[in-house]
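Novice: Take a look at the letters that make up each chain.
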Amino acid sequence: MLDSLAFIATIAIKSSIAVLFAAVGEVFAERSGVLNLGVEGMMLFGAMVGAAAGVAWGDPWIAAGCGMLAGAALAAVHGFFSITLKADQTLSGLAITILGGGLAGFLGRSIIGVRGVRFGITPIPGLSDIPVIGDILFRQNELAYVAYLLVPAASWLLFRTSLGLKIRAVGEDAAAADAMGVNVLLLRWACVLFGGMLAGLGGCYLSLAYTPGWKDGMTMGQGWIAIAMVIFSGWRPGRAALGALLFGALAALQWNVEAGGSELVPSWVLKMLPYVLTIAVLVLVKKFAASSRGGAPAALGTPFHRM
Amino acid sequence: MSLRIRQRTEPIRRKGLVTALLAVGFALLAGALVFISQGVAPVHAYQVMISGALGSMNGLAEVGVKMIPLTLTGLSVALAATMLLWNIGAEGQFVWGAIGAGWGALYLSPHLPTSLVLPACLLLGAAAGAMWAMIPAALKVQYGVSEILTTLLLNYVAIIFMEHLYFGPWRDPMGFGFPGTPIFPDAAWLPRLGRTRLHMGALVAVLATVCLHYLLSKTKWGYGIRVTGHSPRAARYGGINATRQTFTVMALAGALAGLAGMGEVCGIHYVIREGINPGYGYDGIIVACLAGLRPALVPAYAAVLGTFLIGADRLQSVMQLPSSIGLVLEGSLLLGLLAAEAVTRYTISFGKEDDHA
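Chains as they are written, first to last, in numbering that gives the first Met the number 0: chain A, 0 to 306; chain B, 0 to 356.
Honestly, the hints are just simulated from the structure, not real lab data.
All figures in this text were calculated on a predicted structure; none of them were measured in a lab.
A couple of the hints might just be wrong.
Sample of chain B residues at the chain A side, in silico, Cβ under 10 angstroms [to be verified]:
(1) 145
(2) 154
(3) 201
(4) 202
(5) 238
(6) 240
(7) 244
(8) 275
(9) 327
(10) 328
(11) 334
(12) 338
A virtual CB, placed ideally from N, CA and C, is assigned to each residue, including glycine.
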């Protein structure tokens, strides 16, 4: 019993990392006031470029770096339209999602089914020997460890540094931040690019670690789930990670039920669960959030015009 | 050197046409870059696309075939967006339209006189799409949950459910192992024009366009929706019932997308299986935006997008290039539209930044 629970927990963490990366990145973009609905496209493009770079150079770290750059490239397009041209952020983000999926499908055709590199399981010496916990947490691939470090680092940056304060100020009241001498556009650009890099890394996690190789549409809506998790988290990296873990647990449950051949819950119902429960989570947040905004940055979605 | 953006003082003339042309130009340029990166001459690729779509009667008919679902999903998105609701879920509503029509064709038709089968499929498709769209409407009205996310997430749920149907209970036992429903009975086939695949759904799309144009621009109901879209607060003071409006608009939007799904399964495929939903719901967003949310213009831009999509298909069959170039062009089209909007709203110039204007 304990063994199978530990197994499910291990898979849950494994299945949550892509959403986690994307969600933490989105927290930064939205905290700076830019809604980025292009996460799904950035993940797809990042996944494809990461897989292709892995095939070309054979090194998973270089591949992941390329995937991050791919995410950042699409983020730059979103930044140009939504920040510089002050276009509608909803439409720009949707365009990025469609464009990213299309680019990945078009450019990635030659590597479909090609075996590239992958991040292998790397037990951490010492820590992995801790009973139960060690097996669950410290026998994962390297990108999972990056995620472990990223979450506290992101929280610290956002809530304990002056840079974080500036980012939050820009998202709450850009005009006031501007009056204080904060470079609004620069910070927004930086946050959107950072978010794009993490979305790209999330995609890479899928194509380099979780289910290695490139497949069209392989993110299956995880980018959208990441955006929902940001709302769930009240725009906090730590809670966004928790939300991602919830998603991962559902995926793990699905694996376990399917592997066990149990007829208790039909597999199609299990497949729907991540999406249905994400909607349920959104409802619960709205129902129980202290304010009607649920903690959303006040300037979210509004372009900054200097008067 | 830096980019300077200033509000334009005089409005530009013929703004709609200028933005649309700029958007198409931008999309073609972006597509050209992608072609070049793959070592394909863009001019040649576009020639293949254009001659494939517009160079023959068959190609033209196929563009017409695409226009049917694109018009209906475009109307669906445009109607909702008129009152500031983002219906990103036309895809899921489309899928439910196919399921509703499929149920009518496969399971209800034996109990109906032949002449009633198609009307029943039509109604069931529209009703199923409307039903699916009521979920995000209810969540929006009751809890204020963003319809962007709920409509989107529900797309995945709808598709998983449809897959369950044609892999499971609705699967054709004589299907040689291929997942899919049995072929619909003849009574559920929409009549076609001559030997082309252009089907009666075209009439439905035309009627829907005319009706929606009339509803939005000539009736009190449409006026109320436009008021809400312009100023939700004014609408509240004006005594407009936002809750009821959200429900009726989303239901109608869902019904339109559902009709698109019905048209595809009863007019083209005659079965439900993988590939009946190549993303028409998402295409609808592009069509609606290009048309500036005006129903009367939706069919025209459905034709533009249909040309791109058929062209992309031809590219696949002639040059073995993936048809996902269609998506690249669509995304760029939307971005080009945003860029064009910026151009018509602001004057953009390059130069030294002299002040903080």
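Novice: Check the structure against each numbered hint from earlier and tell me which ones fail, lowest number first.
Specialist: 3, 4, 5, 6, 7 and 8
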